[in-house]
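> One letter stands for each residue in the lines below.
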Amino acid sequence: MADATIQAATDADIPATDEGQDELLEAELLVEDVSIDGMCGVY
Amino acid sequence: MTETTSVLDRPLELAAQVSVRPERFGALLYHFGTRRLSFLKDPRLLAVVQRLPEVPTARAACTACGVEPGSLRSFDAALRRLLDTGMLQERPA
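If you're matching them up, the sequences are chains X and A in order.
The numbering used here puts the first residue of the first sequence at 1275, with every later residue one more than the last.
The numbering used here puts the first residue of the second sequence at 9, with every later residue one more than the last.
So here's chain A without its partners, still in its complex pose (with noise of 0.2 Å):
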C-alpha cells in the first residue's frame, strides 16, 4: 500500500445520517440509512472521529489527539473500515 492511498491523508467527516453516543469503552455509532452500528473500541478513535472536520485530513487528526506513529496503521485500517460502512464520508475539497 502506497502512502497515497491511504486514508490518512484524505479530508474526511462523520457521514450525515449518522448519530454519536459516547461510551465509557469509546463510542458508538449508528447509521440511520443502513441502521448498522459500528463500536469505537477506543476513546482516541472517538476523539479523533470528532477532530475530522476541524483539520485538513485524517492524519492531523490523529495527530491533534495524541496517536503515536506506531499506532497510525491501526488508526488507518479503523478510518477506512468506517469509510467503506458509509459512518465516514469524504470532504469536498
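So that you can see chain X by itself, here it is in the shape it has in the complex (with noise of 0.2 Å):
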C-alpha cells in the first residue's frame, strides 16, 4: 500500500516529455555547449 502511494507521487513529479524536450535532448547528443566567461585563473 505504502510502495503504490510512492509510486503514484513519484509519477506525478515526472513532467511530460514533450517536442520541445525531445528537440533539446537530440541536439544535445551532437552538440555541446560551455561558456568560458568567468574561468580567468583556472589555468
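Please note that a few of the clues may not be correct.
As the list claims (entries may be wrong) - If you want the footprint, here are the derived chain A segments under chain X, 3+ residues with CB under 8 Å:
{"id": "1", "region": "37-50"}
{"id": "2", "region": "75-83"}
{"id": "3", "region": "87-100"}
Calculated from the structure, these hints are not laboratory results.
Ideal placement from N, C-alpha and C gives every residue a C-beta, glycine not left out.
Starting from the two chains in their separate frames, assemble the complex, guided by the hints.
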C-alpha cells in the first residue's frame, strides 16, 4: 500500500516529455555548449 | 513543427567570428564575440558545417555528407542550437 502511494507520487513528479524537450535532447547528442566567461585563473 | 520552420531548409554558414578546430570526436568551435565554445560530438556534423557555404540549404549539406534520413531530426536540432548560439548564421539569399 505504501509502495503504491510512493510510486504514484513519483510518476506525478515526472514531467511529460514534449517536443521541445525531445529537440533539446537530440541537439545535446551532437552539440555541447560551454561558456568560458569567469574561467580566468583556472589555468 | 512544420517542414517550413526547419533550419534544414534555410541557407546557413559559419559565423565570421567563429574558429573551427577539428578533433577526433568531431570539432571544437570558438566564438570570439560571445566567448562560447561548442563541441560538435560527431564528425559528420563538422562535415555538414563545412559544406554549408557550398549548398543552397542545410538539408543539402546533410545529404551531401551522407546523413541518413533517420538522423535528420538530430542534425536539425543540432544546427538549430548552433544557430541560436550564434555559431551559425543565415546566409543572405
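> All the hints need checking, so say for each whether the structure fits it.
Hint by hint, here is what the structure shows:
no.	hint	result
1	37-50	holds (count 9)
2	75-83	holds (count 3)
3	87-100	holds (count 4)
When the structure is compared with the earlier hints, no violation turns up for any of them.
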